[in-house]
Amino acid sequence: RKEVEQDPGPFNVPEGATVAFNCTYSNSASQSFFWYRQDCRKEPKLLMSVYSSGNEDGRFTAQLNRASQYISLLIRDSKLSDSATYLCVVNFLGGGADGLTFGKGTHLIIQP
Amino acid sequence: NAGVTQTPKFRVLKTGQSMTLLCAQDMNHEYMYWYRQDPGMGLRLIHYSVGEGTTAKGEVPDGYNVSRLKKQNFLLGLESAAPSQTSVYFCASSKIRPPNTEAFFGQGTRLTVV
Chain A
616 RKEVEQDPGP FNVPEGATVA FNCTYSNSAS QSFFWYRQDC RKEPKLLMSV
666 YSSGNEDGRF TAQLNRASQY ISLLIRDSKL SDSATYLCVV NFLGGGADGL
716 TFGKGTHLII QP
Chain B
34 NAGVTQTPKF RVLKTGQSMT LLCAQDMNHE YMYWYRQDPG MGLRLIHYSV
84 GEGTTAKGEV PDGYNVSRLK KQNFLLGLES AAPSQTSVYF CASSKIRPPN
134 TEAFFGQGTR LTVV
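Line by line, the protein sequences give chains A and B.
This note's numbering puts the first residue of the first sequence at 616, with every later residue one more than the last.
This note's numbering puts the first residue of the second sequence at 34, with every later residue one more than the last.
If you are wondering where the hints come from, they were derived from the structure by calculation, not from laboratory data.
Do not rely on the hints blindly, as some may be mistaken.
[As the list claims (entries may be wrong)] Using 20 Å as the maximum straight-line C-alpha spacing, the simulated SDA-like pairs for lysine to any residue come out as follows:
hint, chain 1, residue 1, chain 2, residue 2
1, B, K104, B, A115
2, B, K42, A, R656
3, A, K657, B, G75
4, B, K128, A, Y666
[To be verified] Label pairs and their in silico Cβ distance ranges:
hint, chain 1, residue 1, chain 2, residue 2, range
5, A, R691, B, T53, 24 to 30 Å
6, B, K104, A, A644, 43 to 49 Å
7, B, D59, A, R656, 46 to 52 Å
Please read all numbers here as calculations on a predicted model, not as lab measurements.
Glycine included, every Cβ here is placed at the ideal spot set by N, Cα and C.
Produce the complete structure using the sequences and hints provided.
And the structure:
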């Protein structure tokens, strides 16, 4: 069974702090990995893809650990505007169109 | 730069009524999807399509039907609405070849069945 697990939170973090959360996936034959951001009552939007070598986009860093089957998202110098739900998404190899499996999301609250 | 557009954005139905949700994308994507999102349940796939004229069942297909007569459009139908179908419905589309397989979402349809 294809599963993507996330800690639902909420993570309450003071503004300016660094926060990190992980996502684990069950299927080792996974191909593509993404972090999406979803604001309250809005659609999910792609935050960043996750590459095997890890990647950074400004204050955001994503890492992939295939051996342990998890991906991580690190947010540095957190802003109030980072408050949202972060969805981990995995595209399983050979899964076809239904290979995109979403985690239930981690709720992040940045406090002033 | 429309991307993925869903109509309507809000709807209230009475139990037993029918309706169709329309999803349109202008990115020439091959794959299209319908998800529902409920509190604590995350996004669950209802039906999907890998191309014009094709559809397939997802995780929670019961009570829904779909059609993809044109590549850019994906319709979701509820033949006889039930209160359990109260949810937020999202349409999405994507390319097929990795690594660019990320999904692009519409703004959602908030459906209430009373």
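Hint consistency between K128 (chain B) and Y666 (chain A) [alpha-carbon to alpha-carbon, up to 20 Å]: holds (18 Å)
Restraint status (C-alpha distance of K657 (chain A) to G75 (chain B) at most 20 Å): holds (13 Å)
Straight-line alpha-carbon gap K104 (chain B) to A115 (chain B), limit 20 Å: The hint is violated at about 29 Å.
State, for the Cβ atoms of D59 (chain B) and R656 (chain A), whether the hinted interval 46 to 52 Å holds or is violated. Cβ of D59 (chain B) to Cβ of R656 (chain A): about 24 Å, so the range 46 to 52 Å is violated.
Within 20 Å, alpha carbon to alpha carbon, are K42 (chain B) and R656 (chain A)? holds (12 Å)
For K104 (chain B) and A644 (chain A), compare the CB-CB distance with the range 43 to 49 Å and indicate the outcome. Since K104 (chain B) and A644 (chain A) have Cβ atoms about 29 Å apart, the given range 43 to 49 Å is violated.
Can the suggested window of 24 to 30 Å be confirmed for the beta-carbon pair R691 (chain A) and T53 (chain B)? violated (45 Å)
Checked against the numbered hints given earlier, the structure breaks hints 1, 5, 6 and 7 and satisfies all the rest.
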